[in-house]
Every structure is written in structure tokens, then in C-alpha cells.
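Engineer: Sequence:
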Amino acid sequence: MKVKRALISVSDKKGVLEIGQALKKMGIEILSTGKTAKLFRENNIPVTTVAQYTKSEEILGGRVKTLHPFIFGAILARRDNPEDKLTLEKSGIKPIDLVIINLYPFEKVKAKKGVSFEEVIENIDIGGCSLIRAAAKNFQSVGVVSRPEQYRCLIQELESNRGSLSGEFRSALAREAFETTAQYDYIISQYLSGRNQKPETRNQKIGEIPDEITLRLEKIQDLRYGENPHQKAAFYRFHGRKAGLADVKQRQGKELSFNNYLDMNAAWEAISGFNKPTAVVIKHTNPCGMASAETLANAYRQALAGDTLSAFGGVVGLNRPVDEETAGELAGTKFLEVIIAPGFSAGSLDILKKKSKRRLIEIPGIAENFTEKEPDYRALKGGFLVQDKDFVRLNEKDLKVVTKVKPTKAEFASLLFAWRVIKHVKSNAIVITQGKRTVGIGAGQMSRVDAVKIAIMKLKEIEINKNHPLVLASDAFFPFRDAIDEAAKIGVKAVIQPGGSKRDEEVINACDEQNISMVFTGMRHFRHQ
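The sequence shown maps to residues 70 to 598 in the numbering used here.
The set of hints was computed from the structure by calculation and includes no laboratory data.
Just so it is clear, the structure is predicted and the values come from calculations on it, not from any experiment.
Treat the hints with care, since some could be wrong.
Stated by the list, open to error - The list that follows gives simulated cross-link-like pairs (lysine-lysine, DSS-like), each with its CA atoms no further than 25 Å apart:
#	residue 1	residue 2
1	K93	K124
2	K352	K423
3	K323	K288
Said to hold, decoys possible - Label-pair distances were calculated between CB atoms; the ranges are:
#	residue 1	residue 2	range
4	R244	S125	31 to 37 Å
5	G295	L155	52 to 58 Å
6	L449	A302	16 to 22 Å
7	E532	L449	41 to 47 Å
8	R244	D153	20 to 26 Å
9	E287	H537	46 to 52 Å
Ideal Cβ placement from N, Cα and C applies to all residues, glycine included.
Model the full structure from these sequences, guided by the hints.
Structural biologist: Have a look at this one:
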């Protein structure tokens with residue numbers, strides 16, 4: 070398709086002179102709106118203004134510039150349709166073969182500090198979106214360029230085809246054009262949704278899962294591979310939102326992998342919101358050791374001691390900037406894939422950078438409470454599951470003592486720590502703690518008693534302080550008393566669980582028989598993925 074006439078109307082003038090010079094060289098007539106036309110004339114590029122072409126001036130303070138039958142007729146006319154051709158001839162409309170548009174910078178304007186609502190609304194592009202959609206609809210006859218990043222490809226296409234655009238190229242441009250307008254509309258919709266929290270046209274209450282969800286993601290980087298080397302992978306973030314793992318600073322080490330991101334996310338969620346210095350060691354998205362202490366170094370020592378074998382090749386999450394003492398502990402660990410923290414002191418970097426392949430990741434918000442409003446999305450074949458994040462946090466007053474023996478103050482504190490840890494462990498999950506450190510974790514088992522046995526096995530591999538009580542947490546109710554009997558053998562003194570089993574009485578009796586206290590939470594912490 071030979072390009073004889075092009076319409077150019079751009080908000081962002083970057084690269085537009087290069088386009089104008091290229092079209093001039095090929096003898097392509099240019100139509101343009103006011104400021105762009107002025108720029109062309111100042112640079113000796115022949116141009117006809119839209120107002121001259123339509124014989125209609127802009128109105129409503131520039132709100133209406135290109136919305137005219139002469140413009141849209143020239144774009145939408147089907148070149149192989151005799152009636153369309155006759156209509157153009159009768160009206161004196163010359164076909165437009167190429168439309169080059171970029172839209173008002175709505176996203177940039179709304180992000181300005183102190184910007185007024187009126188200014189934001191004026192930066193909703195109407196004519197530009199309409200032109201893009203019209204040209205994209207008629208891609209069999211018209212080329213449409215909707216982003217400055219496409220200019221170079223356009224020039225190359227025109228030069229290699231002597232001023233023509235191939236059908237394949239026009240089709241690709243049309244697809245990208247509809248993506249551009251869809252993304253633009255999404256940003257506007259999100260802005261207006263943020264201003265108006267009242268349900269209106271749909272019978273949907275505030276806080277409910279919405280009837281429809283539109284996700285807009287942008288690629289940050291390609292990854293070396295996915296979970297396995299034969300799988301391709303990339304990391305995307307929510308468009309325009311630079312937070313969480315989309316806002317990391319890598320201080321050292323190899324490129325992050327797909328699995329690194331999964332483990333880093335698990336580490337972030339596990340340690341967020343703790344008041345005391347806290348450390349977690351993650352392996353395959355499960356905590357294998359976690360602890361809170363008075364110093365970060367001590368928290369890490371205790372977390373690592375919870376399962377030194379499993380920590381090999383793990384990801385460490387810390388909720389305080391890394392100091393030299395903590396760096397010394399980390400450097401002494403045989404092999405760690407990634408260390409994430411809100412910061413690293415200069416001295417700690419000197420220590421940790423001695424192993425150049427180890428990834429050191431700085432995440433500014435990692436010490437904060439992880440309570441963003443974005444739901445939890447789980448991809449399935451053919452769709453998504455969506456749920457609220459599991460943010461519920463219990464206090465001692467929320468627990469119901471169901472046994473004859475009541476937990477001591479120290480046991481209550483340890484039980485609540487175990488309950489915070491267990492929601493990050495794959496179900497069926499069992500966590501044994503001593504004070505505010507894990508000493509045995511059983512994760513992802515098909516039976517609960519097996520999870521207990523694995524947690525006990527891990528406990529027997531480490532040194533524990535016999536002067537402090539052991540407590541046990543279960544992410545869901547005990548279906549039988551067998552798990553309590555196993556826990557009693559190693560001296561567990563207190564248990565926290567949701568309750569709700571038809572055999573609760575049997576389980577409570579097992580605790581009473583063995584002088585173990587038990588509290589019910591009334592809620593569970595399943596984690597299936």
C-alpha cells in the first residue's frame with residue numbers, strides 16, 4: 070500500500086522531526102494539528118494544518134480538533150469499496166494512508182504533585198484515541214503509529230518498500246494500536262475508581278471481590294529461564310507501580326532467576342511487620358528457619374540453627390539493614406543464593422562482596438508491614454483464583470484456652486510467634502518453636518501426623534535449650550490425637566491450632582492426659598501454593 074498522505078498529531082514531540090524529514094524526502098503529504106504543524110514549518114517541512122484541510126477551526130479550547138468527517142472519512146474509507154470511493158470524491162475528501170499519533174500524557178499529569186482534578190480531566194485524550202482506533206480498524210488500507218518507539222521501524226519499512234507499507238506491517242501496527250488505547254483507558258479507569266469508592270452501577274459492596282478485574286502488566290526484564298532451564302520466563306510488574314520486588318536494587322551477584330524471585334517474595338512476606346530484628350531462611354518458598362531477637366545477628370544465627378542442612382542454597386530475608394556483625398555471620402554460611410534486606414552498611418558490603426556470585430538485594434520497603442490492597446492472584450488453566458491476602462494477626466486475647474492447663478506468659482508469646490510463622494509454611498504444616506525461634510518445621514505433607522514427625526526429626530538434629538518450653542503450631546485442626554501423642558514424647562508444653570474437628574474433644578483429652586496446654590484460634594492458615 071503506497072502512502073500518499075499522512076496525518077500527524079502528537080503530544081510528545083520526541084522524534085517527530087525525524088519522521089517529518091523522512092516523509093518529506095519520500096514526497097508524502099503531511100497533515101498536522103497546530104503545534105506540530107508549527108514545528109514542521111520552523112524546520113522547512115511542508116505541512117497542511119488540519120484546520121486548512123477541514124476548513125473548520127479548533128473549538129472548545131482545543132477539545133475538538135480532529136473530530137471531523139473529512140478526517141475520519143479519509144481514514145475509514147475502504148479503498149476497495151466503490152461506494153466509499155464515490156463518497157470521498159463527491160465530498161472532496163482525500164484519503165489518509167498513515168496516521169501517526171501519541172496521546173495526551175494522562176499518566177504523567179495525574180502523578181504530578183498538587184495537580185488539580187480539572188487538569189487531569191483535560192489530559193484525557195479523545196480525538197487521539199478515536200484516530201488511533203479508526204486507523205487500526207481500517208488497517209487493510211491505513212497504517213497507524215501510536216508510540217514514538219515505533220518511528221524507527223516505520224521509517225525502515227517505508228524506505229525498504231519505496232514509500233509503501235506491507236499488509237503484515239499494518240496488521241502488527243493495528244494490534245499494538247488497540248493495546249495502546251486499551252492501556253490508556255485502563256489507567257483512566259483506575260484513576261476514577263480511586264476517586265470514587267462508592268458502588269454505583271453494580272450491586273457490589275466496598276471490599277467485595279469485584280465482578281471484573283483488569284490487570285495491566287509491564288515487563289521489567291527477561292529471566293535466564295523459568296523454574297527449569299527449558300522454560301522461558303520474564304518478570305512483570307503492575308503498570309506504573311514501582312514497589313515490592315519491582316523496586317529492588319541489586320548490590321552484587323548474578324542475575325536473579327525465576328526461582329529466586331519466588332523465594333524472595335516468600336521471605337518478604339514472612340518477615341514483614343515484625344517489630345524486633347527478624348531473620349528467615351527460605352528454601353523452595355518454605356521457611357526452614359526463622360527467629361526474632363534483640364539483634365539482627367542473633368536473629369540470623371538462631372534462624373540458621375533451626376535447620377542448617379536445609380539452609381544450603383537458600384534465600385535469607387532480614388528486616389533490618391545488614392551490619393558488620395550480621396554480615397560476618399552470613400559470610401560464614403557455606404552457600405546462600407540471595408540475601409535480601411532494607412539496606413547494607415558499607416562495612417557489611419566489604420565483607421559480603423568477597424563472594425562475588427552471591428546476590429545482595431536491597432528492598433527499601435521490606436521492614437514495613439506487608440498490607441497492600443492488591444488481592445492474591447493464582448493462575449490456573451483458563452483463569453485465575455482471586456482472594457484477599459491473609460493479613461489477620463492474632464493477640465493473646467484472641468486465643469481460647471481449651472485445656473485444664475493454661476499456657477504461661479512465655480508460652481503464649483512463643484505460640485503467637487509460631488502462629489505467625491506457620492501461615493508461610495506449605496500445608497499440611499507444623500511448626501515447633503522455642504521462644505521466638507523455630508526449632509522444627511514440617512511442611513507440605515499429605516498427613517498432619519507426618520508433618521509432626523518431620524518437625525520432630527528436624528528438632529532432634531539441633532541443640533535446644535532445655536530450660537525453655539517447646540510449643541507447637543498446626544495450620545489446621547488435628548483430625549486425630551496421634552499428633553499430640555508424638556508431640557508429648559519430645560516434651561511439647563503448649564499447642565496452638567484452629568480447632569473445629571469432630572474429634573476436638575479427643576485431642577483436648579490427649580493434651581489433658583499429658584499436661585499440655587492448648588489454645589484454639591478459630592481460624593486456619595492453609596497455604597496450598
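Engineer: Give a verdict on every hint.
Structural biologist: Okay, the hints, checked on the actual structure:
Of the supplied pair hints, the one linking K93 and K124 holds, its CA atoms being roughly 23 Å apart against a limit of 25 Å. About 23 Å separates the Cα atoms of K352 and K423, which keeps this hinted pair within 25 Å; it holds. As the CA atoms of K323 and K288 are separated by approximately 20 Å, the hinted pair is consistent with the 25 Å bound. Take R244 and S125: their Cβ atoms lie about 32 Å apart, and the range 31 to 37 Å holds.
Taking the beta carbon of each, G295 and L155 are about 56 Å apart, inside 52 to 58 Å as hinted. Between L449 and A302 the Cβ separation comes to about 18 Å, which falls inside the hinted range of 16 to 22 Å. Taking 41 to 47 Å as the suggested C-beta distance range, the pair E532 and L449 conforms, at roughly 44 Å. Judged by the Cβ atoms, the range 20 to 26 Å given for R244 and D153 holds: they are separated by roughly 24 Å.
Restraint check, E287 to H537: a C-beta distance of roughly 49 Å satisfies the suggested window 46 to 52 Å.
When each numbered hint is compared with the structure, no violation occurs for any of them.
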